[in-house]
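Number of protein chains: 2
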Amino acid sequence: MKKSLGPKTIIYPMPVLVIGTYDINNKPNLMTVAWGCICCSDPPCVAISILKGRQTYENIMNKKAFTVNILSEDMVKEADYYGIVSGRNEDKFSRTNITPVKSELVSAPYGKEFPLVLECKLYKITELGAHTQFVGEILDAKAEESILDKSGNPDIEKLRPFFLDTTGSNYFSIGKILAKAFSVGKEV
Amino acid sequence: MKKSLGPKTIIYPMPVLVIGTYDINNKPNLMTVAWGCICCSDPPCVAISILKGRQTYENIMNKKAFTVNILSEDMVKEADYYGIVSGRNEDKFSRTNITPVKSELVSAPYGKEFPLVLECKLYKITELGAHTQFVGEILDAKAEESILDKSGNPDIEKLRPFFLDTTGSNYFSIGKILAKAFSVGKEV
Chain A
1 MKKSLGPKTI IYPMPVLVIG TYDINNKPNL MTVAWGCICC SDPPCVAISI LKGRQTYENI
61 MNKKAFTVNI LSEDMVKEAD YYGIVSGRNE DKFSRTNITP VKSELVSAPY GKEFPLVLEC
121 KLYKITELGA HTQFVGEILD AKAEESILDK SGNPDIEKLR PFFLDTTGSN YFSIGKILAK
181 AFSVGKEV
Chain B
1 MKKSLGPKTI IYPMPVLVIG TYDINNKPNL MTVAWGCICC SDPPCVAISI LKGRQTYENI
61 MNKKAFTVNI LSEDMVKEAD YYGIVSGRNE DKFSRTNITP VKSELVSAPY GKEFPLVLEC
121 KLYKITELGA HTQFVGEILD AKAEESILDK SGNPDIEKLR PFFLDTTGSN YFSIGKILAK
181 AFSVGKEV
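First to last, the protein sequences are chains A and B.
Under our numbering, the first residue of the first sequence carries the number 1, and numbering increases by one thereafter.
Under our numbering, the first residue of the second sequence carries the number 1, and numbering increases by one thereafter.
Errors might be hidden in some of the hints.
Same chains, same names: a pair is fine if it fits in one copy or spans any two.
[As the list claims (entries may be wrong)] List of simulated lysine-lysine pairs, DSSO-like, C-alpha gap at most 30 Å:
1) 150 - 8
2) 8 - 176
3) 121 - 176
4) 27 - 3
5) 63 - 102
6) 180 - 158
7) 158 - 77
8) 121 - 63
Simulated from the structure, these hints should not be mistaken for laboratory data.
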């Protein structure tokens, strides 16, 4: 017999996605969201949810573009900072010594020091209620050589991403390999 | 200088969400997706992306409801199985000895033996391309007592969810607490 918890917005784990945008004066901004995911293979798309009123909401509406940056665990403090302070009050790039790089593909910045970035052109806007979902078409993924394996793909053990436990309000590191995906299920 | 990887659908980590649905004859089905996330606070919503042609796609279109089940790492084999076999060919509940429980709130089943479930009423359908995004309003979250902390909230260390590394095709366990969210960023 399961216990009812009410209509809670909980899944585990949640990613920590750092969204890069420009305001109308091309001032770069960063904002961390945990409510986002890949959502389509063709076109390749990522979805992020943003509250109305946020600087990032305004920026995406204006520039029709954003970047999704994935940080390594040595930048957990910075990622948290990007989520708790508004770009209206602070220059989050300079405060954290991150160099804004203008994407050559879309009107949005990414962090030179961040290991992995998706460059996204706004593809669809879905009004859901309190949150607006922005779907971005991924035009390119770019990564630092240091996180790539021999085949040129991101190696999660080199990237060392982290995730959010939304109930406990903690960031967690990745653990150990449990099983091979799209394979272990054949043993059922 | 970052290396271009092309328009890859990669974020880290991806959750492992087991979707419960009924077909038109009320046969229960399960399907695992990694492309999903919480997407709105009010109404509380979760989004999942499904390829057209899947049994789960047809079921959600018909029943306007689904459940999102989060499994513990001792069920990684079952979760993988739900993702690689079609419900058209097998009864995935009985094959894995999971008992289908009809939600009292929506026309969808969840697994009695699964530790955590979100019961969702179809709220919005967004056609994105190859994938269709189903947004479900979360009417209730239900959990086994064994994964709850003293305050009655899910305890991630008791739940022991796992996640997908999409590039390496591996399931990973959760690691250690790195930092307090919505707090450590104040030290920047």
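For each hint, the structure was consulted:
{"no.": "1", "hint": "150 - 8", "result": "between (42 Å within a copy, 17 Å between copies)"}
{"no.": "2", "hint": "8 - 176", "result": "both (28 Å within a copy, 24 Å between copies)"}
{"no.": "3", "hint": "121 - 176", "result": "neither (34 Å within a copy, 35 Å between copies)"}
{"no.": "4", "hint": "27 - 3", "result": "between (48 Å within a copy, 25 Å between copies)"}
{"no.": "5", "hint": "63 - 102", "result": "within (13 Å within a copy, 46 Å between copies)"}
{"no.": "6", "hint": "180 - 158", "result": "both (18 Å within a copy, 23 Å between copies)"}
{"no.": "7", "hint": "158 - 77", "result": "both (19 Å within a copy, 26 Å between copies)"}
{"no.": "8", "hint": "121 - 63", "result": "within (9 Å within a copy, 34 Å between copies)"}
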